[in-house]
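Enquirer: Here is how the chains run, residue by residue.
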Amino acid sequence: MPGLEDLYREIILDHYRTPRNRGELAPPAVMAEGHNPLCGDEITIYAQVENGVLVDVKVSGQGCSISQSSASMMSQAVKGKSLTEIQALIHRFKVMMSIEEDSDDAPAVEVKMGDLEALQGVVKFPVRIKCAILSWNTLLQALENASA
Amino acid sequence: MNTTRVDWAAVKADFPVLQRMIDGQRLVYLDSANTSQKPNAVIDAMTDFMRNGYAPINRSAYRMAGEATDLFEGARSKVQRFINARSVNEVIFTKNATESLNLIAQTWGRANLSKGDVVVLTHMEHHANIVPWHMLVAEREIELRWIPLTEDGQLDLSNLSSLLDGAKVLSFTAMSNVLGTITPVTQLCEAAHAAGAIAIVDACQYVPHNVTDVQAWGADFATFSSHKMVGPSGVGVLWGREELLEAMPPFLGGGNMIGDVRLDGFTTAELPSKFEAGTPPIVEVIGLGAAVDYLSTIGMANIRQHEMQLTEYALSTLTARYGDDIVIHGPRNVEVRGSVLSFAFRGIHPHDISQILDEKNVCVRAGHHCAKPLMKLLGANATARASFYIYNDQTDADALADALDGASDIFGL
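Top line first, the protein sequences correspond to chains Y and C. The numbers in my numbering rise by one with no breaks, and the one at position 64 of the first sequence is 64. The numbers in my numbering rise by one with no breaks, and the one at position 360 of the second sequence is 360.
Derived from the structure by calculation, the hints contain no laboratory data. By construction, the Cβ of each residue, glycine as well, lies at the ideal position given by its N, Cα and C atoms. Among these hints, one or two may not hold up.
[Claimed, not checked] Per label pair, the in silico range of CB-to-CB distance:
1. N159(C) with T84(Y): 53 to 61 Å
2. S77(C) with V127(Y): 39 to 47 Å
3. E101(Y) with A138(C): 33 to 41 Å
4. G379(C) with T84(Y): 51 to 59 Å
5. D398(C) with R22(Y): 32 to 40 Å
6. S114(C) with E24(Y): 21 to 29 Å
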């Protein structure tokens, strides 16, 4: 069995205790709500998109250390990035979580995972993958709302 | 309650999965309110039937089919005696308690409820006793009313008569799967009838742990699942008063539930077949029969006694050790609570608690327990829940208390 230290890395706990980009954004920023129906976690992502760039992002909601730290790290990683870069990052993250295949037709955009690499260990705890992925799917939904 | 001495260590030894070691540590299974483990008696009854006598029921003339039918109907008789139903015709096998509640809402409900009719529920219901009624709100524009809770997690019955005024249904849990609260079932059934409503008892958490007497309750319907009472998953029970079941339209249509089928229509079979369309879970029903025998041999009064002592021990151990750092929801008095402990611990998310307890092979549930309205009332998105059953003992409660220390270590609290 993988050890808990693979899951609860210090950087994850740091983002859990001190989440980045917490808060809300007023319209015209868009928002999307994500629920994990199994555990009751809730997350809301606010996204301000201008000229194809995510100029600001905020996160609110409650959840476990994995879902909250993933949301915090994600918000840092995507803020100020172009939508193309963000799509590529979401894909990279889902590949890391083993829920998407790394394919040749994936967008050829360089992405840096940075702190997000710390979430690698989640893959060893399959029931927690949905915790890690919740904020990313919610961001996707927010970006769809922005382009709608 | 008449109780006798039980060798609880021998009971524990009847459950082979509890011998399993993971990473050199024994299994501490504290998730029985979710689903219970299975004793050899149940496993053997099911495998024996599949190895030596598997056959259809009710529809073939050969001897083995007759034997299978006898085993299946024998299980029905066991369930009838177990809950003191008046007749075997009142015991309907379904998929689980959820299906039983949906059956009531979809058949009795559709036949008897129309726009403006009132259904009364409580704030501590499982989604299975909420959503089927919400579905009727959408379809029939019925009105739902809710019995609130007291501070310590019991039903607040101070306004019961006005809530029931004009109601057609009172549907409530006999024991909360989150708070452990045992509700005053007989009193609620009387109040429902006095108001002209029928009384539906979600007994899914109650039946596995207590002496059940549906006639003494004075209820109209009761529902429960096999898998929470050491039986297999895949089968549940709907008990209903025969007059009501007779008057209700059928639920699912198909084989076994018909009297006659013509090109221009059909007639229904007699009870209980009327509500059992298609080939039932034959193996599972036989397993449920073995589970009823197993529990009856121990004695439900003994089981209740054992769990009251264990719950008292767990409550006082956790409180003595962690004081205000642990908040255990529900009534403190074990006379009105079952062996379910939902708790919050030092602000650590329940998901993280359950992950860390798993490191010590302590299995608890983390989540909203399919009771989101109640969670909202508790001001939590989720709780961790430890639940005890016949195969648990004080060492399991101690293991839970010890493992919680690990959660503090990781989160630096």
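Enquirer: Hint by hint, note whether the structure agrees.
Expert: Each hint tested on the structure:
At about 59 Å, the beta-carbon gap between N159(C) and T84(Y) stays in the expected band of 53 to 61 Å. Taken as a hint, the range 39 to 47 Å holds for the pair S77(C) and V127(Y), whose Cβ atoms sit roughly 41 Å apart. Taken as a hint, the range 33 to 41 Å holds for the pair E101(Y) and A138(C), whose Cβ atoms sit roughly 40 Å apart. The hint said 51 to 59 Å for the Cβ distance between G379(C) and T84(Y), and at roughly 42 Å that hint is violated.
Evaluation of the 32 to 40 Å hint for D398(C) and R22(Y) yields a pass: the beta carbon distance comes to about 39 Å. The hinted window of 21 to 29 Å between S114(C) and E24(Y) is violated, with their beta carbons roughly 43 Å apart.
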